[in-house]
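*Asks:* Working from the sequences, and respecting the hints, build out all of it.
There are 2 protein chains.
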Amino acid sequence: MNAVDSSLDAAPIADWRSYPISADLVNLVPASDALDTHWSDGRVSPFHYQWLRDNCACGQCVYSVTREQLFEIVDVPEQLHPQRTRIDEQGHLLIDWQDGHHSRFHPGWLRAHAYDEVSRAERRAQRPQSQLWGAEMSEQLPQFDYQAVMADDDALLQWLLAVRDIGLTQLRGVPTTEDVLPALAKRISFIRESNFGVLFDVQSKADADSNAYTSFNLPLHTDLPTRELQPGLQFLHCLVNDATGGESVFVDGFAIAEALHQEAPELFHTLCETPIEFRNRSRNSDYHRLAPIIALDAYGVVSEIRMGNFLRGAFDAPVERMPALYSAYRRFIAMTREPRFRVQRRLDAGQLWCFDNRRTLHARTEFDPASGARHFKGCYVDRDELLSRIHVLQR
Amino acid sequence: MNAVDSSLDAAPIADWRSYPISADLVNLVPASDALDTHWSDGRVSPFHYQWLRDNCACGQCVYSVTREQLFEIVDVPEQLHPQRTRIDEQGHLLIDWQDGHHSRFHPGWLRAHAYDEVSRAERRAQRPQSQLWGAEMSEQLPQFDYQAVMADDDALLQWLLAVRDIGLTQLRGVPTTEDVLPALAKRISFIRESNFGVLFDVQSKADADSNAYTSFNLPLHTDLPTRELQPGLQFLHCLVNDATGGESVFVDGFAIAEALHQEAPELFHTLCETPIEFRNRSRNSDYHRLAPIIALDAYGVVSEIRMGNFLRGAFDAPVERMPALYSAYRRFIAMTREPRFRVQRRLDAGQLWCFDNRRTLHARTEFDPASGARHFKGCYVDRDELLSRIHVLQR
Numbered sequence: 001m002n003a004v005d006s007s008l009d010a011a012p013i014a015d016w017r018s019y020p021i022s023a024d025l026v027n028l029v030p031a032s033d034a035l036d037t038h039w040s041d042g043r044v045s046p047f048h049y050q051w052l053r054d055n056c057a058c059g060q061c062v063y064s065v066t067r068e069q070l071f072e073i074v075d076v077p078e079q080l081h082p083q084r085t086r087i088d089e090q091g092h093l094l095i096d097w098q099d100g101h102h103s104r105f106h107p108g109w110l111r112a113h114a115y116d117e118v119s120r121a122e123r124r125a126q127r128p129q130s131q132l133w134g135a136e137m138s139e140q141l142p143q144f145d146y147q148a149v150m151a152d153d154d155a156l157l158q159w160l161l162a163v164r165d166i167g168l169t170q171l172r173g174v175p176t177t178e179d180v181l182p183a184l185a186k187r188i189s190f191i192r193e194s195n196f197g198v199l200f201d202v203q204s205k206a207d208a209d210s211n212a213y214t215s216f217n218l219p220l221h222t223d224l225p226t227r228e229l230q231p232g233l234q235f236l237h238c239l240v241n242d243a244t245g246g247e248s249v250f251v252d253g254f255a256i257a258e259a260l261h262q263e264a265p266e267l268f269h270t271l272c273e274t275p276i277e278f279r280n281r282s283r284n285s286d287y288h289r290l291a292p293i294i295a296l297d298a299y300g301v302v303s304e305i306r307m308g309n310f311l312r313g314a315f316d317a318p319v320e321r322m323p324a325l326y327s328a329y330r331r332f333i334a335m336t337r338e339p340r341f342r343v344q345r346r347l348d349a350g351q352l353w354c355f356d357n358r359r360t361l362h363a364r365t366e367f368d369p370a371s372g373a374r375h376f377k378g379c380y381v382d383r384d385e386l387l388s389r390i391h392v393l394q395r
Numbered sequence: 001m002n003a004v005d006s007s008l009d010a011a012p013i014a015d016w017r018s019y020p021i022s023a024d025l026v027n028l029v030p031a032s033d034a035l036d037t038h039w040s041d042g043r044v045s046p047f048h049y050q051w052l053r054d055n056c057a058c059g060q061c062v063y064s065v066t067r068e069q070l071f072e073i074v075d076v077p078e079q080l081h082p083q084r085t086r087i088d089e090q091g092h093l094l095i096d097w098q099d100g101h102h103s104r105f106h107p108g109w110l111r112a113h114a115y116d117e118v119s120r121a122e123r124r125a126q127r128p129q130s131q132l133w134g135a136e137m138s139e140q141l142p143q144f145d146y147q148a149v150m151a152d153d154d155a156l157l158q159w160l161l162a163v164r165d166i167g168l169t170q171l172r173g174v175p176t177t178e179d180v181l182p183a184l185a186k187r188i189s190f191i192r193e194s195n196f197g198v199l200f201d202v203q204s205k206a207d208a209d210s211n212a213y214t215s216f217n218l219p220l221h222t223d224l225p226t227r228e229l230q231p232g233l234q235f236l237h238c239l240v241n242d243a244t245g246g247e248s249v250f251v252d253g254f255a256i257a258e259a260l261h262q263e264a265p266e267l268f269h270t271l272c273e274t275p276i277e278f279r280n281r282s283r284n285s286d287y288h289r290l291a292p293i294i295a296l297d298a299y300g301v302v303s304e305i306r307m308g309n310f311l312r313g314a315f316d317a318p319v320e321r322m323p324a325l326y327s328a329y330r331r332f333i334a335m336t337r338e339p340r341f342r343v344q345r346r347l348d349a350g351q352l353w354c355f356d357n358r359r360t361l362h363a364r365t366e367f368d369p370a371s372g373a374r375h376f377k378g379c380y381v382d383r384d385e386l387l388s389r390i391h392v393l394q395r
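These protein sequences, in sequence, are chains A and B.
Just so it is clear: in the first sequence, position 90 is 90 by the UniProt record's numbering, and no numbers are missing.
Just so it is clear: in the second sequence, position 332 is 332 by the UniProt record's numbering, and no numbers are missing.
One should not assume that every hint holds.
Stated by the list, open to error - Here are the computed lysine to any residue pairs in the SDA-like style, where the Cα-Cα straight-line distance is at most 25 Å:
(1) B:K205 x A:V65
(2) B:K377 x B:N241
(3) A:K205 x B:Y63
(4) B:K186 x A:S194
(5) B:K205 x A:W16
(6) A:K186 x B:R67
(7) B:K205 x B:H269
(8) A:K377 x A:P265
(9) A:K377 x B:G245
(10) A:K186 x B:D209
(11) A:K205 x B:R67
(12) A:K377 x B:N241
(13) B:K186 x A:L199
(14) B:K205 x B:N217
(15) A:K205 x B:F71
(16) B:K186 x A:V65
(17) B:K186 x A:P182
(18) B:K377 x A:G197
(19) B:K186 x A:W16
To be verified - The calculated label-pair distances, taken between Cβ atoms and stated as ranges, are:
(20) A:S40 x B:R124: 55 to 65 Å
(21) A:P182 x B:P323: 46 to 56 Å
(22) A:D179 x B:R17: 21 to 31 Å
(23) B:A183 x A:A295: 31 to 41 Å
I should point out that these hints are in silico values taken from the structure, not numbers from a laboratory.
Built from N, CA and C at the ideal position, the CB exists for glycine as well.
*Replies:* Next comes the structure, spelled out in structure tokens:
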């Protein structure tokens, strides 16, 4: 058996991750359409023959340069069976198929992909958990040093994990130059462009095409709720802030959703189940998106908040459901105003917010543009990029 | 009846669309929490007082420059009632609220946002419909002239509507220079960047980081199924194609989903309901996304296909559901190979494919890199941008 990575004995693995061996294969019991594998810790993991053949990572089935599959399962009969199965001296699973093909599976990889009930529950329990926060976060902001994040991969990883799990971070010691955001985004991957540009300038403008570009109080919101995919991370970099007022306000939308779930479950479900139209108003663009305010992932866990009162269209729901929708919406907005959830902080020159735009709602108190200059530079990076970078750094 | 934007008499409208008046308000019947409006064609549309107050577009409630809402519904009592309601001489709905606020609603706007059952069904029926296609599309490709699309907004709109509704188009008369794609994307909005860059080069490479960059046969797939949001539009611009082989193949994923729904509904539902992990393999990135192969929108209509056998992770489903998942997956792949669905065409220099990457699966037949040069330039633009541009062009 030939090898792929470093060891002559290793079974090929069709990705770049590593799979430590936490248990050994001790016995194989072939059933009619699956192989029951028995592990040294007593777990039994059935693997269907289809599944095993599908995941063969040999040099014929997977192109070794890209590690991408060449084989397609539809090219073998649905009833394909092994002629022989065994555990070799290195503890790998070997299968000789009826059609003459041979497969070899690394026990660490196999265990990491087992789909018996226990293995699936174990993987689910290992998913990253959001750490919910409220007003107390004001005194314990996750702060990171810009130069460290730029120079050191460990510092970078710690910062990105805080962005992922807490959703609100501040960088300090940031130069007040306009090349900071592109350089910082490059530490993750690349900037997500929008109709406001690659970078945007948060300043009061006479010809504003968004209330963000006025000096008004802005209610708590997510950016670009009018898009199918709201931007994942938002960066706000303070170049100058000499104006009176204009403090940054944040709430943890996941914490509010959780509190609503506890305190008024029927209102929570209304916000999960009722699609709302968000619609921008602009001479040059006309984005709209129909989506619920609270989105759940495939596991039923809150994964996204979508909120922007000034970008919301008229509610469109069956007549009999409209009062409940207003009750739920009012309650959510009222909660974003409750002191228990709110973090209010002034951002000074040389500081930078980076937060999860799909979780952490942000706002700005009114400011007086005559009192001094106020200029923030902003950009977005998507969640995919954050998570991919974390995975690569953790390899 | 006056027009909307130009007249002093017009009720303000908080967006940039226009709302022709298709029926007149003829009677108002206040109920306990809603106003029943009667229209000249007999329709009755109830509007809750909350809803009416929420959608007041006066200069206090909406900032006239951005047309974005300043008012928040939570700032008035939930039980707010009108003191007086009437239809004025211009046919607008006037409301004097108990708290002294006044609202005025344009009848065209009101009708367009009515949420009685008939109005909602009417709007739903007006949604754009996908035109499904099969092998016959090979002889009736929607073809457009590059120069016309670049110079003329009507030609642009016709092309974009074909992209939206058919999902497969070809441009002809395209210069074979590398500045074409940025210029063309700018006619819509901007390019969506990915880890493969702003523009990507589809060429056979020795150090390929994707099977796309080899000369292999590529099975039918969508691009970047490993991302939360797959790119909406894909552009493939042929600069040179002197190689033997390497024909473009397309199938309408929506047509296959519809056929599967008809021919084997239980397999269709399995593909709608089972999240599959897509995972890229790369030294520099590690994207993964758990999502079903067939996605439905809020109306239950097929809105997206996600497919890439070479970017698929191992299936992870409960043991008892694994055989059904393989049956459904095999059937879908087998259908992508059926001649009734397949369009196979060679793209020559000066031609360009633009297709809906979330609907139209694409592939390439194997080619011989020694037989001649083959170089396609590619990029992505998201669906949001396509739809926004169409809306603005249609105003």
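*Asks:* Against this structure, judge whether each hint is valid.
*Replies:* For each hint, the structure was consulted:
1. B:K205 x A:V65: holds, 11 Å
2. B:K377 x B:N241: holds, 12 Å
3. A:K205 x B:Y63: holds, 13 Å
4. B:K186 x A:S194: Holds, at roughly 13 Å.
5. B:K205 x A:W16: holds, 20 Å
6. A:K186 x B:R67: violated, 35 Å
7. B:K205 x B:H269: violated, 39 Å
8. A:K377 x A:P265: violated, 39 Å
9. A:K377 x B:G245: Given that 25 Å is the threshold and the Cα spacing comes to 49 Å, the pair is violated.
10. A:K186 x B:D209: holds, 20 Å
11. A:K205 x B:R67: holds, 15 Å
12. A:K377 x B:N241: This hinted pair is violated, its Cα atoms lying about 44 Å apart.
13. B:K186 x A:L199: holds, 17 Å
14. B:K205 x B:N217: Status holds; Cα separation ~14 Å.
15. A:K205 x B:F71: Within the cut-off at roughly 20 Å; holds.
16. B:K186 x A:V65: violated, 35 Å
17. B:K186 x A:P182: Roughly 22 Å separates the two Cα atoms, so the pair holds.
18. B:K377 x A:G197: holds, 24 Å
19. B:K186 x A:W16: Cα-Cα ~37 Å, so violated.
20. A:S40 x B:R124: 55 to 65 Å: holds, 58 Å
21. A:P182 x B:P323: 46 to 56 Å: holds, 50 Å
22. A:D179 x B:R17: 21 to 31 Å: Given range 21 to 31 Å: violated, Cβ gap about 39 Å.
23. B:A183 x A:A295: 31 to 41 Å: holds, 36 Å
Hints 6, 7, 8, 9, 12, 16, 19 and 22, counting from the list given before, are not met by this structure.
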